[in-house]
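These protein sequence lines are chains P and W, in that order. With my numbering applied, the first sequence has no gaps in its numbers, which climb one by one up to 390 at the end. With my numbering applied, the second sequence has no gaps in its numbers, which climb one by one up to 1268 at the end.
Calculated directly from the structure, the hints in this document are not laboratory data. We put the beta carbon where it would ideally sit given N, CA and C, even for glycine. It is possible that some hints are incorrect.
Going by beta-carbon spacing under 7 Å, a handful of chain P positions derived as facing chain W [stated by the list, open to error]: (1) A50; (2) A71; (3) P102; (4) V275; (5) G277; (6) A281; (7) F291; (8) T295; (9) L297; (10) T300; (11) V301; (12) D312; (13) W360.
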Amino acid sequence: MTLGPYGPLGSALVSGVMAAIIGFDGLDGLIGSLKARGYRTMGPVASGGAISIRELKSAADLPRGWEDEQAPGTYRLHQTASPDLFNWAVGAGSLKAEVFPPRSIIWQAKAPGYEVEEISDDVPPVAVVGARPCDLAGLRVLDRALGSPPVTDPAYRRRRDAVVLVAVECSRPASTCFCVSMGTGPSASEGFDLALTELGGGYYLARAGSKIGKELLEGLSQRRARREDFARRTELLARAASHMGRSVDQHGLPEMLVRNLSNPLWDEVAKQCLVCGNCTAVCPTCFCSNFEDRTDLSGTVQRERTWASCADLAYSYVHGGPVRASIKSRYRQWVTHKFSWWWDQFGTSGCVGCGRCITWCPAGIDVTEEIAALRASDNAGETHGEAHLQ
Amino acid sequence: MSVAGQVGLAHPKPSLAVWKFASCDGCQVSLLDLEDQLLDLLGALDISYFLEVTRTVVDGPYDLAIVEGSVTTPADAERIKAVRAASHFLVTVGACATAGGIQALRNYADTGEYVPTVYANPAYISSLPTSTPVSAHVTVDFELHGCPINPVQLLEVITAYLAGRAPRIPDFPVCRECKAAGNVCLLVAEGVACLGPVTSAGCGALCPTVGRGCFGCFGPASTVNTASLSSRLAADGASQESLKRIFRGFTAGAPEFEKESSRHDPQP
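Excised from the complex, chain W in its bound form (with noise of 0.2 Å):
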């Protein structure tokens, strides 16, 4: 039985597309991870567009899409367009397609200054200024955060659009995982530089809880006070370079660790 046909979609089975920009493939092929589920999940929604899956093409328009990665190139600018006109309901997941990735480390450097020194033929390299989240280029349905996600939000993700209804994804911070999970906390016990109280939870506390405290691989909490958690790791012994460097992690490009990791660059 599908679960779409009860909510009277226009095709018994929703088609989906998995796109990809620029990233490493990890977001997408979590999809795959999710191996008790594979079975439910094809007979839920029909492969469309897929490439790590099947080299099988079927025209869009696509009911469902999922987009890994960042635009970093003028073509991508452009296909994401298409990408989004050929969507009714377009997901971004990861931290790539959500705030631009580890690459957006470029947005502080000059790429003009260090393509020559990369690339032997410098002259095919066509790429932006910059590397930036969907969300800044087509109108984004649903963002799911993390690096890589975490596979069973994705499967909760695509269950609630099957079903309708809206997803259950936390937006506060890793902390109450953490708490939840009966860890320590490093950053009170033992003085750890931690991310947790400002980063969004969804990974289960996975870094605290084998001792390493929080990278901020899901991106800002809904609501943060980065200049507090700042002031905090100062007192604990950070210098104003490893603040500025904590918050230019895989989630750099997300306006408010932007903005904080700036305020500790002497020359931003």
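Same shape as in the complex, but just chain P (with noise of 0.2 Å):
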């Protein structure tokens, strides 16, 4: 199988895995078989002036000629007579919220005897349409750090197990994407129940990735994709892929950033943090999390798991004070940790190149321009001794 720049295109005829066009009957008709099923089924729905992820009742729920514009800061959603569902790039909800939820808690322990029993939450499986290709790399990034040995979390994994994940592949990205730089979309190649593809005039072409993709497409109004189908999905994603508004040149940056901790650039980026976290909270792969114990007056104890930032002062306290009690320290982990240390703990970039924390930083910071100007320093060959961790 070739790869192309943009994935496996056409890999579903390749490798024989089921596909068929469906229209927007067969899409109500998927929801409802979801639903049918017993998932609780989620999907971008045109909310509070943005795509957000959000229970759907039907296919008339998602967001027919929506289209987004996203900038450093700044996210505008307009409306247009187009019929596609899904011209629009990433909102600010991730897939992390559905296999990692903000709060959860983990055990408890009741007065007199204190036993512990653990709290599996209780909530439905859960479906979710309209994943994008840099969400499902996204998990993988997660499945990495949280569900796999030598440390599997169990509750992750229990919500991870269930969910039904139904792609949709990219043909309008916006300015603040770069998935092709980090190999992450437009096109979806793995890691998906059925991945979709809106070839226009409201019809989709349907692949299935799993056994319950396979059900569900089989129970669905359809036609037999032709080979111009895939053509039309090959030319599509081609668009989609020279339309990426930013880039990050991966070569090397691992030991790049290392080079560069004392660079005084960072001190220039740590004039506009704000170091409110949206950047870690919108990330689909930012896992860090706190423990905390709580007690109550009827003296049942509970410990909670919350998310946590790297971008909290609180968060970097240990024995005696804080260890990043800087901006520019707190701003700094962030960025090496997911372009560079990543690779040392989980083998992989912590980036998929989605854009939310460009988007969605009210300062609007740039993570693809601090990079190049941290590399264009490097490249002028600016040395810059020892880091300063402080």
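Combine both chains into one complex, guided by the hints.
Here it is in structure tokens:
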């Protein structure tokens, strides 16, 4: 199989995986059968001025005609006459919240015996319609960090194993997208149950990527996928790939960052950084969390896990004080972990090129620009000595 | 069973005193909003001084003192010292007690100038030129922010005190509660002026959840970059005057907000 610059196009034909063409009624039928199977079916809706992931009642909830414009620190949504449902790039929400909720109780113990009982959340399994290829890539990164040995997180694994993913490949990336340079899109080649490509005119090329995906597809009103449908998909994805607004040069990037821990450019970005943690909250792979115990007046103790952030002063507390007291050190920790140390820990980049951290940064900090500036400085042969970790 | 008894306090039930300084009473009354936990609280604490609840007054010293309000008069500057001396563990609650409150706007004006225009007999008025937080006068053991405070956080502070542990009160920005709630960022998606990125969490992103930018009621988060936020708001069209005013709300007296608002004041 030949890998193109944007993934294994037409792999469905090569590997013989079932593919078909469905219409809007097929899409509606898909959502209906997911719900009938007991899945809490989530998907994109135009809500509160952005594409958000919410529970779907039917395909009528999907954001027909809505298009987004994204730039550093800015997101705007507008409606067009287009009948297309997926003419937008990612919103702030990702799959992370579905498999790794912002808040969960891990165990509790009650007076007087204080026997520890594990709390396994009782939520129905989730299906997500409209997951983007970069979102699938984000899940693969989380799988490495949370869902794999040597330390497998049972709460993550439980939700992750139950989730059904209906991906939709990207045909209209945002100016903040850089999945091509991260090798994660705009095509979906793995990690989905069903992958859809919106061909236009209300038709979708559907490819099954799992047993449940095949079962779902078989149950839908459809016609056979023809050679020209695959050709149309190739054309759409090639166009999307050529419309990436941004890129990150990954060549030697982990080493370059480590060489530049004392680069004065970090001081410049620290003047803008709000350390608000929005970048980490919207990042589909940021998994830092706190475990804290709470007691109540009746004598019940609960251990709770909540999303945390390297942007927080409190998150860097160790005995004696914070190890990253400055804004600079916390921003630098985020970038260097994501693009450098993540490789050492998990054998992958922590970035999937979705661009959320760029759009949803209230200060409009563009990580691709910061990395490019560091590289330019590095190429100029400037050396920056030993790191000052504060 | 008394939780306090488990950690071996001197009395079977710790005594509680609730004090009011310059304030609206809203924060102390939020204790009474804890309707489901009220009986448990009464079971765990003896109310020794709480005039919103009972006229019965028990003399100190008190194990737990909750102080609401800012210090705005010479008499209160003395009274807070007496309260401190009578209290084992002193918690200040609300924007008034922790940052001077909305009345700290007087810190930017000359009280001598406007007192005669407000009061018929200015001679009866004895007030300080500033409204200051309790921590400017005495040592405070814990500060709970908010205007008003979040009753659930107050319950957490009291419960933690009774259990002898540190209270779980976050000091990261409101943005994180907003994102956890699944809200769309008003600043990014609509250009609405919002103090969320520099304001401490605790309210559960109350205002942004209903489409209003954060007013900063919970005061500055643990690390803030107010200058960067001002640049962003200015890029969205905020004038110097509105930048000055946005940081002069209920927590106008918080040092970080005071500094930022003054940067945009042509006559500091």
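Each hint, compared with the structure:
A cut of 7 Å between beta carbons decides the hint on A50 of chain P: the least distance to chain W is about 4 Å, and the hint holds. Contact between A71 of chain P and chain W, as hinted, is not supported at the beta carbon level, the nearest pair being about 10 Å apart and thus beyond 7 Å. Taking 7 Å as the C-beta cut-off, the interface hint given for P102 of chain P holds, the closest approach to chain W being about 4 Å. Because the smallest distance between the Cβ of V275 of chain P and any Cβ of chain W comes to about 5 Å, under 7 Å, the interface hint for this residue holds.
A cut of 7 Å between beta carbons decides the hint on G277 of chain P: the least distance to chain W is about 5 Å, and the hint holds. Evaluation of the A281 of chain P hint against chain W yields a held restraint, the C-beta minimum of about 4 Å falling below 7 Å. Checking F291 of chain P against chain W: minimum C-beta separation of about 11 Å lies over 7 Å; hint violated. Below 7 Å, beta-carbon pairs count as interface contacts, and T295 of chain P has one with chain W at about 5 Å; its hint therefore holds.
Against a cut-off of 7 Å between C-beta atoms, the interface hint on L297 of chain P holds, since the closest Cβ of chain W lies about 4 Å away. This hint is violated: T300 of chain P has a C-beta 11 Å from the nearest C-beta of chain W, more than the 7 Å allowed. Against a cut-off of 7 Å between C-beta atoms, the interface hint on V301 of chain P is violated, since the closest Cβ of chain W lies about 9 Å away. Look at D312 of chain P: its Cβ gets to within about 5 Å of chain W, closer than 7 Å, so that hint holds up.
Of the supplied interface hints, the one on W360 of chain P holds, with its beta-carbon coming within about 6 Å of a beta-carbon of chain W, less than 7 Å.
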